[in-house]
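A.B. asks: Next come the chains, spelled out residue by residue.
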Amino acid sequence: MKEQLFAQMAEELRPRLYRTALMYFGDPVRAVDVLDEALFRGLRGCRALRREEFFATWLTRILINECHRESRRMRRVQPVAELPEAAVEAFDMLPLKEAIRRLPVELKEVVILRYFAGYTVQETAEALQIPQGTAASRQRRALALLRLELGEEGEE
Amino acid sequence: MNRRQEYDDLLRELERPAALDAVERARKRLRRRRMWTRPALGFAAAAMTFVLLVNFCAPVAQACAEIPVLKELAQLVSFSSSLTDQLNHGGAQKIDQTQEENGASVYVDSLIVDQKRMTVFYRIDTDIAERAIVSYGFLDAEGYIDERFPAESYGWTDNERDVLNNQMRSATFDFGDSDVPEELYLQFNINLRWKDGRPLTREDDVHALDTFLNLGDFDARLTFHLRIEPQRIVQGYEKKFGQELTLDGQTYSIEQVNVYSSKAEIYMRGRTANTAWLQTLEFHLECEDGTILGQNVRDTLWEGGTWSKDRKYYCESPFYHMPSGKIKLVITGASWLDKDHQMAGVNLKTGEMDGMPDNYEFDSVREEDGAVVLRLRQRHSDLDECGVFAGGYGFTPDRMKATKDWRYWRWETWMEDGEDVGRMADCYFEPDQLDGDWVYFVLDENRYWRPDDPIVVELSMAE
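Here the protein sequences line up with chains A and C, keeping their order. Counting from 1, position 128 in the first sequence corresponds to residue 128 in the numbering used here; the numbering is continuous, with no gaps. Counting from 1, position 203 in the second sequence corresponds to residue 203 in the numbering used here; the numbering is continuous, with no gaps.
The shape of chain A in the complex, shown without the other chains (with noise of 0.2 Å):
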């Protein structure tokens, strides 16, 4: 892919990866930094990808591996605790966004990109590397934690 190809591309993919970011880390300048570093990756590896349909969870999986890396960084200077998923009743006290944040990695990953970056479940499968079956579930159990009634795909 050529980089003026990838440059359009990821202007129109740019909302939802700064929606996944923030929801990530709750944090507007921290979401725009790691935003910042996945596109430069991206720009840098762009003419490896050879398939553009393939662009959309390409990209997005660069985002998460740098939110991953962020947030090793950030539990060395400021830890944030997960919860287990057997703290149903903490999950229960906090706002939306701050439960979110704290639900295991796993299942944070896949409820933002399904439900607040707008991947289907086959998307979001593909972009975490993970089987469609295994992200469902995850989507199950994160919703259910979250005390969230949403549709499959979304939607109600």
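Hints may be right or wrong, so weigh each one.
Unchecked claim - Which chain C residues stay away from chain A? Per the calculated CB distances, all over 12 Å, these:
id	residue
1	V23
2	I133
3	Y185
4	R227
5	G249
6	G325
7	K339
8	D358
9	N359
10	R379
11	D417
What the hints assert, rightly or not - Quick list of the computed label-pair ranges, beta carbon to beta carbon:
id	chain 1	residue 1	chain 2	residue 2	range
12	A	P28	C	M424	29 to 37 Å
13	C	G418	A	D27	47 to 55 Å
14	A	H68	C	W156	13 to 21 Å
15	A	P28	C	D8	16 to 24 Å
16	C	T272	A	G26	30 to 38 Å
17	A	K97	C	E147	27 to 35 Å
18	C	R221	A	M93	52 to 60 Å
By construction, these hints were calculated from the structure, which means they are not laboratory data. Every residue gets a Cβ at the ideal spot worked out from N, C-alpha and C, and that includes glycine.
Dock chain C against the given chain A, drawing on the hints supplied.
C.D. replies: Relative to chain A, chain C alone:
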């Protein structure tokens, strides 16, 4: 409030436009990484100096004897006069370690190092792929990420894209605020590829593409324990100056200069009262022995945000060319963003332009797939290299808001009589993003300045 209401509120909150110029920032960052320095004199001089040194200078000849592959090293360091000097004065430390995994072996030949920067020379030997993509990391003795050097604490550049397997290559690591330690575990994460970039084992698999970006599986992952000879970690000079100078009517001070054997760093700070922000600075260093040093091909050229008064510029090192510590900073040009010129506008109806840089011309407005497309012509100029637009939207520091958003822009070469005279920029706006006849752009720089005579600043790094 129930969960569903919270969810709806969150979605609304997320709809607010943000990070609007993120893609352009990435493009600019990449452009800067690739950009060859305009005053290429330093580079040419460095390359020529090295060729002469290799042929006629005894210490280099001696280094040749120490390092059997110096011919390869010579090619690898020829892009940098600093590396050439380091090789000339201290030689390279032989490492001579090999490790193998999955049909690929890494041979770490040697390294050149100082207080802040380490360049590793190595080779990937394999018969099963033509090229390799490599990323790097620093681990601790137990194999975890080295807490002293997490990924964000250092930067690296390499020449991997051009190098076939079984040929020597190099990677340079900058340690930022830290110093190079005496002991390191350097990890190579390797993906083998055919010449066209196709991965070796996972053809057309989207996930294999991740490996290029250090996201997924690797064909080989090898860690080398490097013990650096302490005497090779040459300390540099770091000196505060606070020396003021006037550039195009703006007052800037040279706050600090750091000279390491591998690079030089110049910190500039502008006065708040300045009417423009300094963006690119074109300069070279003149040394006591007559050597002229420019900015390096592979280095970051400068750091600092568009609207920051602080700047850090990089260039080749005069470390071995200033016996009494004196150097001359010779400034030959700069690009500026005037503070009252943070935005420029174009009238879509009349083509009138307000504040656009001189090399921009209005071309046309058309409709395409429901979008309003503004075409601008950008004639080649001194501003070409850096890109004029910081972004098309968002707030400037003075809280002036530019046009809300655009879908994207697209560049084409602008040909006149078969000659490349500039670029055509198509900016796509959704009709509902437009508010009146004018659209506004946030500028990155709006004019270029070249002094009648170079501005020369004498600096003494001696205590």
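A.B. asks: Each hint needs a verdict: does it hold in this structure or not?
C.D. replies: Each hint tested on the structure:
1. V23: Since the minimum Cβ distance to chain A is about 5 Å, V23/C lies within 12 Å and the statement is violated.
2. I133: 8 Å, violated
3. Y185: 18 Å, holds
4. R227: 26 Å, holds
5. G249: 33 Å, holds
6. G325: About 38 Å separates G325/C from the closest Cβ of chain A, which puts it past 12 Å; holds.
7. K339: 23 Å, holds
8. D358: 25 Å, holds
9. N359: Non-interface label stands for N359/C: nearest chain A Cβ at 20 Å, farther than 12 Å.
10. R379: 20 Å, holds
11. D417: Since the minimum Cβ distance to chain A is about 24 Å, D417/C lies beyond 12 Å and the statement holds.
12. P28/A to M424/C: 29 to 37 Å: Once the Cβ atoms are compared, 34 Å apart, the range 29 to 37 Å for M424/C and P28/A holds.
13. G418/C to D27/A: 47 to 55 Å: At 52 Å between Cβs, range holds.
14. H68/A to W156/C: 13 to 21 Å: 20 Å, holds
15. P28/A to D8/C: 16 to 24 Å: 20 Å, holds
16. T272/C to G26/A: 30 to 38 Å: 34 Å, holds
17. K97/A to E147/C: 27 to 35 Å: With a Cβ separation near 31 Å, K97/A and E147/C satisfy 27 to 35 Å, so the hint holds.
18. R221/C to M93/A: 52 to 60 Å: Hint violated: Cβ distance 43 Å, outside 52 to 60 Å.
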